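We have chain A already, so just place chain B on it with the hints.
Here the protein sequences come in this chain order: A and B. Numbering-wise (the numbering used here), the first sequence opens with residue 898 and increments by one. Numbering-wise (the numbering used here), the second sequence opens with residue 197 and increments by one.
Bear in mind the hints are in silico, worked out from the structure with no lab data behind them. Since this is a predicted model, take the numbers as computed values, not measurements. It is possible that some hints are incorrect.
Claimed, not checked - No more than 20 Å apart at the CA atoms, straight line, and that leaves these computed lysine to any residue pairs for SDA-like: (1) B:Lys-305 <-> B:Glu-212; (2) B:Lys-245 <-> A:Ser-995; (3) A:Lys-976 <-> A:Pro-966; (4) B:Lys-245 <-> A:Pro-966; (5) B:Lys-305 <-> A:Phe-985.
Stated by the list, open to error - Selected chain B positions facing chain A (in silico; Cβ < 10 Å): (6) Leu-240; (7) Leu-242; (8) Ala-288; (9) Glu-296; (10) Lys-297; (11) Val-299; (12) Gly-301; (13) Gly-303.
For glycine and all other residues, C-beta sits at the position ideal for the given N, C-alpha and C.
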Amino acid sequence: SQTIHQWPATLVQPVGSPLSLECTVEGTSNPNLYWYRQAAGRGLQLLFYSVGIGQISSEVPQNLSASRPQDRQFILSSKKLLLSDSGFYLCAWSVRTSSYNEQFFGPGTRLTVL
Amino acid sequence: AQSVTQLDSQVPVFEEAPVELRCNYSSSVSVYLFWYVQYPNQGLQLLLKYLSGSTLVKGINGFEAEFNKSQTSFHLRKPSVHISDTAEYFCAVSQGGGSEKLVFGKGTKLTVNP
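Bound conformation, chain B alone:
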């Protein structure tokens, strides 16, 4: 069975600092990987996705993530964060091949302080 581990439940950073949100997954087959962002009292919004090809994926709002198959990781990064990046971030994996479900991590709460 697939699983997703987000190693940090909360990450506080200062504005303009770099940030990395960690995500590891377990799966015995090829996977598709996603990062979603959730602002307070809103639904989830797709930040970026890895389907195939280049392992470095660029998303919205200046975020990027790198797929590392050998380490089964898909860490999310941003070189300089803004106050408006304060939100909860979810990593998710889909096995594909007609699987109907995404498996989500428990989320990482990013707080950007002035």
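Chain A extracted, bound-state conformation:
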């Protein structure tokens, strides 16, 4: 069966510090991968998605970036965090060949920027 891992589970970082959040998927190959953010009162915002190694699509301009160094690994990064980067970050995957794109979510990372 497939599983998706995210770490860390929680993170408290000062403004201006770097960020690296990691997501890995097990039990599937060639998945589509996604990063979402939930900020208070703002619903679920798609940040990045990837359909293959090194292929990243950005949905929202911001000071975050994403990378996919391996087929089942997706990393969210920032060089300098802002207060507005606080939120709950979710990684998800879907079967690339599926026509209906059902997505499966990880447990999330709670990021607090102080």
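Only chain B this time, still in chain A's reference frame:
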């Protein structure tokens, strides 16, 4: 472009009462529809999905939803809620045909009171 509207941001109900969470979508082509549930500080979990066939879809935890093409709606219902159903519920639509993304509504916070 597709969009999803969840008409109620918050729905308070008493335990054992029926509940309906409303979802409307806009799309010019055939769609696939999903309801996800998110418990506090957790990732999203699929409740149910409509891909084709019967317009009444049954999901986990006693929830069901009805696809109404003429009204472009996919409302979620449960005849008798429990305290444990307290969570946030997200409606989502996928256009299919190789589209990589789900479009999510802003979510409905269901609070079940004793």
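Taking the hints in turn, this is what the structure says about them:
no.	hint	verdict
1	B:Lys-305 <-> B:Glu-212	17 Å, holds
2	B:Lys-245 <-> A:Ser-995	14 Å, holds
3	A:Lys-976 <-> A:Pro-966	18 Å, holds
4	B:Lys-245 <-> A:Pro-966	32 Å, violated
5	B:Lys-305 <-> A:Phe-985	16 Å, holds
6	Leu-240	4 Å, holds
7	Leu-242	7 Å, holds
8	Ala-288	8 Å, holds
9	Glu-296	5 Å, holds
10	Lys-297	7 Å, holds
11	Val-299	9 Å, holds
12	Gly-301	7 Å, holds
13	Gly-303	5 Å, holds
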